[in-house]
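Student: So the sequence lines, in the order shown, correspond to chains A and B.
Mapping of the first sequence onto this note's numbering: residues 1 to 778, in sequence order.
Mapping of the second sequence onto this note's numbering: residues 779 to 1010, in sequence order.
Check each hint, because a few of them may be wrong.
[Claimed, not checked] Below, simulated EDC-like cross-link-like pairs (lysine to aspartate or glutamate); rule was C-alpha separation at most 16 angstroms, straight line:
id : chain 1 : residue 1 : chain 2 : residue 2
1  : A       : K767      : B       : E853
2  : A       : K400      : B       : E853
3  : B       : K911      : A       : D629
4  : A       : K764      : A       : E688
Just so you know, the hints here were simulated from the structure itself, not pulled from any lab data.
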Amino acid sequence: MVKKNPLRKRYLRELKGEFSKYLIIFLLMTFSVGLLSGYLVADESMLKTYDESFEKYNIENGNFTAKKQVSPEQKELIEENGIKIYEQFYLEKPLTNGSRIRLFSPRKEVNLVCLMQGAMPSAPDEAAIDRMYANNNGLKIGDYLTIDEEGGATYRITGLVALSDYSTLFENNNDMMFDALKFGVGIITDTAISAYPARELTFNYAWKYLEFPKDDMEEKAVSDELIKKLAKIIRLEDFVPGYLNQAIHFSGEDLEGDGVMMIALIYIIIVILAFVFAVNMTSTIAKEAPVIGTLLATGYTRGQLLLHYMLLPIMVSMAGAAIGNVLGYTWLKDLCAALYYNSYSLPTYETVWSAYAFFMTTFVPLVIMLAVNTVILGRGLRHTPIQFLRRDFHAKKKKKAVRLSPNIPFITRFKLRVVFQNVPNYLILFAGVLFADLLLLFGMGMPNLMNNYQTKITDSLFANYQYVLSAPVSYAGEDENKLDEIIKGLRFAKAVETENPDAEKFSAWSLRTLGDYARTEDITLYGIEGGSRYVKGDFADGEIIISASMAEKYRIGAGDTFTLKEAYEDKYYTLEISGINDYESAVAVFMNRQTLNEMFDQDPDFFCGYFSDTKITDIDESYIGSIIDIDAMTKVPRQLMHSMGGLMDIVNVFAIVIFLIVIYFLIKIIIEKNEHSISMAKILGYSEKEIRSIYLHSTSAVMIVLIIISVPIIMLVLKQLFYMVMLEMMSGWLPLVIDSKLCYITMLLGFASYVLVTFVEMRKIRKIPMDMALKNVE
Amino acid sequence: MFLELQQIKKSFGDENNRVEVLNGVDLSVKKGEFVVFLGPSGSGKSTLLNIIGGIDRADSGKMYADGKCVSEMRERELGQYRRKNLGYVFQMYNLIPNLTVRENIEVGAYLGENTLDTDGILSVLGLKEHADKLPNQLSGGQQQRTSIGRAVVKNPGLLLCDEPTGALDYSTSREILKTIEAVNQKYGCTILMVTHNEAIGRIADRVISLRDGVIHKNIANENKISARELEW
């Protein structure tokens, strides 16, 4: 019969005796693993749902808008180009709630709709609307939508839906950012649609390739060819090939890129947790040294004891990981999915069992726990039995005391000794404080960053309105990228001339970065009029000026060269930078109009938009691709805050929990390490106040120093991290500005956490009995 | 009388399993007296010392020290009593491991009002050259001398020694007893010492034997010898 190790009987007693410690570890582990598991499961499930939605909902390969309804003959001609087209007419109307809605006729074959709640409309006065748009505008089933125009119809909401071709609510494919607050989509019945006159409808058609191009390059070539052919058959108003459709692809790209940060965040927490646990257990080992010495002397092996001391932390971690996974797959998964549903109109997801998520949330945290504990506890148990029996852990190398002048007041020296004794603990504390600072500054700084960005945008906008002209796509030229649509349209110069005296022409071109060390992004190159009243600076012929944001993002300046390329062609442009202007709202390049037009082989008179401080009213709307005004520019910060606001709250709570836990454990360790001395001090007649002053206030002083120095250190780290994130994960540039007030708040929260913990730990000092020193355990 | 105990009783355990450790102890000690308590394990001598030292309370009975009723003092007053009047020497030294020898002695000095000179104590105890060492760099005898230094530096009226030689070898034990005797003579403090070693009673002014929680014998030592002469 295999004998069971009698030491196992201690586990339950240890668990009872140190219940609060294990409970905290368990809760933090459960919450961390749960959050990571929930996040990964939600992310994977949504990504799978998103990927599958292309087939499940038969998502289009592109869409175009015709001036008039396509006739059966035209349809036949169009479909001779290797595509099949499907009607998806819509009307777009302002609503009385101040937003705009695009109402489609029911989809029957392509871009199918996912009904998430309620029912699809069955009567002409009913509508099913996008779930996220409804949430953002406080609309629910049974409420009414009223079109904000004279005699405007009213629709009763019967259902909440996700349109598979609008997983991200981009109103216009040229928009910098989507706006799920002010723009929504929905479905009304065919009868309801047909009640509107043709002039109010948009004749939009989705297409599917009969044979799908093998890659982006081929897809571009095919769609470039297609636009030319379509333009010959019908009068095109808009043309969006699938690969360029932000409303379809934006959410998928975002889903793919978010995981790394979350994984890093949770693993850092687990490493800190493992260290705190191991150091705590080391102090237990020190406390039980004579017992360990006796056990080793009687034949127990070091391995058995290592296992004994590690088993409970590992079991608690395993329990935390198991319950965390259960929570992750149930409650937290929905919480994390809600963050995505807050930003994207994704269809209902089905939870997928993810082996990857299980590996990352259970196996890896346990390995971290096991590795850290094995190394630290292994070191703690490396002494000989006699060293344990004598509590003589420095037999080979007697530790010398740091010399302190007797002229220093005794209590000060005493406190300094406590500080010296706990340097390793303070280092862990510092790591925890740094991490909590990082989270807090990130969590609190994000809204600050957005506000600052919004102010900067408002301050640095060239003009109140920036009109980007859109040539009717029926005049799409021979080749080039989507900006060509704008460029070619300018041949209709007469149609896009304005009498507005405030209007100033500019030309523009879009090129893509090479993505050698950063995420690729499209950069707009502006050709500015000489003596421009809107864009400051003299732009001499051949001179290239970059925006301050571009200089900051790519760390380039005057005299440097920078290479860009055409998005879908192997055509490269190396720009020699002459200077930097103070434009901070976008990553952009400026030169005079003539230089830009020459660079891209355009006519000297070529232009593609206007800057203007007043509205231009004499150009037909069909020639205006987009209007960039304050509202459009501030969509980015608004939407980011809307999408990430919930996450920031979680980050802040996490930060404070980390503050509390790290401080709690390390003060606990410091007190436990000294409880014998504290007991003796009580016997000698030291008052509690004096004992607190020696053992807690010494740590308070260190804590104050750590918190103060941690903030500037973490600001440097945050700057570097932010820079890397911006470079690798985002297009555009947000200048990192963190209000110094937030640094003080971070420090204050650190102190407050410390004071709270100290308050709790004072009880522990009070509870240390005097007879502890009387027991012969020295 | 410097110290007076009247009918001190103390028991441990619950109602079903009560052990009477002290069962009505009456005792008077004069100022400057050196008293040794002897008795087998469980006789109540350490409990008695703890009650005298104000780190444990009697269930009943009264105790007066220097005219003040210690048994009626509240926790805070007991703390002050220990702080002003007592020095403690334990079998296991109880030095603060992260303080040097000098600083451990200063732990005691910090509490007193008419403290002795720390350097003087270090010299008297033969610890001067070890003043900057940590306890784990010292031998058992040196550690016990440091603990005596910590106890006497605040010039206490009462020095309580609980088995001060219990963990030491013969010659070191003799050195420690010489030190305690010297402290008694040089500083005039009253010494109460608990020990198993009957021979130590020969250097005391009085020897009190405890048995089953009561004083069995209370004998003034007519043939007191100096610690230097002591052998066992």
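Student: Take the hints in turn and mark each one as holding or not.
Tutor: How the hints compare with the structure:
Restraint check for K767(A) and E853(B): the C-alpha separation of about 13 angstroms stays at or below 16 angstroms, so the hint holds. Restraint check: the Cα-Cα separation between K400(A) and E853(B) comes to about 38 angstroms, which exceeds 16 angstroms; the hinted pair is violated. At most 16 angstroms may separate the alpha-carbon atoms for a hinted pair to count; K911(B) and D629(A) exceed this at roughly 75 angstroms. This hinted pair checks out: K764(A) and E688(A) have alpha carbons roughly 11 angstroms apart, not beyond 16 angstroms.
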